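There are 2 protein chains.
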Amino acid sequence: MKDLSEKTIGTQRIYEGNIFTVRKDEAQMPDGLIAEREVVEHRGGVGIALEDEDGKFFMVTQYRYAQKCVTLEFPAGKKEVGEDPLTTAKREIAEETGYEGTDWFYLGKMFPTPAYDSEVIDLYYAKKGAFIGQHLDEDENLNVSRYSLREIEDMITDGKIPDAKTMGMALLIRTNKERGRI
Amino acid sequence: MKDLSEKTIGTQRIYEGNIFTVRKDEAQMPDGLIAEREVVEHRGGVGIALEDEDGKFFMVTQYRYAQKCVTLEFPAGKKEVGEDPLTTAKREIAEETGYEGTDWFYLGKMFPTPAYDSEVIDLYYAKKGAFIGQHLDEDENLNVSRYSLREIEDMITDGKIPDAKTMGMALLIRTNKERGRI
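So the protein lines, in turn, are chains Z and B. For the first sequence, the positions run 1005 to 1186 when the working numbering is used. For the second sequence, the positions run 1005 to 1186 when the working numbering is used.
For reference, chain Z alone in the conformation it holds in the complex (with noise of 0.2 Å):
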């Protein structure tokens, strides 16, 4: 097989922000080529799929800026820095359902956009536990709706829910389930 990775030779700052930075960099390719790669930096967050007593997912509603609609997904977040993943999970599952989760198993890592973006989604799946309260951030709104991974797969395949993570997730959920893992 190829050696296919790049080396960087140059990186130039570009923009500073609260959500990702931008950076332009200089790459040489495995034959010499040199070619700019453009990356957007996030540090990365977390999606949870937390199944009740009756095999029904907490999905969230809410209004997606950058794609200006309203989309059902599984709740997400965003790592603070430094923040180990499992943390954010237990953090962000809370605040956005209300309830803790129980028997954590790691899904796996996902990368939404790997041809310009650095970031990773780790992706968890845990058991309803103890209510204890929403609790959502300031500039947050969101409604919250509980589906079977059957209803999550009809409506991916209708089109209803485009959202990259939930998508992979309901995947990750169905074959660990088959395989005896959740």
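Hints may contain errors.
It does not matter which identical chain is used: a pair holds within one copy or between any two.
Said to hold, decoys possible - The calculated lysine-lysine pairs, modelled on DSBU-like cross-linking and capped at a C-alpha distance of 30 Å, are:
hint, residue 1, residue 2
1, Lys1028, Lys1164
2, Lys1131, Lys1094
3, Lys1060, Lys1011
4, Lys1082, Lys1094
5, Lys1094, Lys1181
6, Lys1164, Lys1131
7, Lys1060, Lys1094
8, Lys1006, Lys1164
9, Lys1072, Lys1060
10, Lys1072, Lys1006
Read the hints as simulated data drawn from the structure, not as lab findings. What you are looking at is a predicted structure, and each value in this text was computed from that prediction instead of being measured.
Go by the hints and put chain B onto chain Z.
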């Protein structure tokens, strides 16, 4: 259900790149609160699941600079300005694998990063057609291989395929096959 939409009341251009642009908006939330919204703008792309006569799908191994690693993914590509996504899909699958597609089926759209990125990926399924020869861009290096859907699902479940687009497409192939659509 609560109104969740946010109105743009100000916008500032931050960066005009080749792959994406960045803007910073002021948005008014339903309760009147003003929030900052940083947005990466990307003109969108396609992902293609090309199935051969043995039920195997073409996949590409490539270096993903933003993630600093090699990934295994379904073939994909960026739309040209104003391009119809099916045109992009037909061009990209031939360039990356050397094969034309036939019996094109639209799997749906995906928002890889709806929190802060406007990118939409249109997802397609096609059957392998005539061999017309691989033709890669100057700064593109990749290896082509073929796997069954079961092998792809196993690799996803075992954490070997973190690409969001590939995870979502694997789910859509399975559910559409179960429903007799492809």
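Here's how the hints hold up against the structure:
Taking the shortest Cα distances, Lys1028 and Lys1164 sit within 30 Å of each other only across copies (28 Å), while inside one copy they are farther apart (35 Å). In this assembly of identical chains, Lys1131 and Lys1094 lie within 30 Å of each other by CA distance solely inside one copy; the values are 12 Å within and 43 Å between copies. For the identical chains of this complex, Lys1060 and Lys1011 are neighbours neither inside a copy (46 Å) nor across copies (33 Å), given an alpha-carbon limit of 30 Å. With identical chains, the CA atoms of Lys1082 and Lys1094 are at most 30 Å apart within one copy only, with a shortest distance of 12 Å there and 36 Å across copies.
Proximity of Lys1094 to Lys1181 under the C-alpha cut-off of 30 Å is restricted to the intra-copy arrangement: shortest distance 22 Å within a copy versus 36 Å between copies. For a Cα distance limit of 30 Å, the shortest separation of Lys1164 from Lys1131 qualifies both inside one copy, at 25 Å, and across copies, at 25 Å. For the homomeric pair Lys1060 and Lys1094, the shortest alpha-carbon distance inside one copy (19 Å) is at most 30 Å, but the shortest distance between copies (39 Å) is not. Only between protomers do Lys1006 and Lys1164 lie at most 30 Å apart by alpha-carbon distance; the minimum there is 19 Å, versus 40 Å within a single protomer.
In the homo-oligomer, the alpha carbons of Lys1072 and Lys1060 lie at most 30 Å apart inside one protomer (28 Å), although the nearest pairing across protomers, at 37 Å, exceeds that limit. With identical chains, the CA atoms of Lys1072 and Lys1006 are at most 30 Å apart between copies only, with a shortest distance of 16 Å across copies and 42 Å within one.
Going down the numbered hints, you'll see the structure goes against just number 3.
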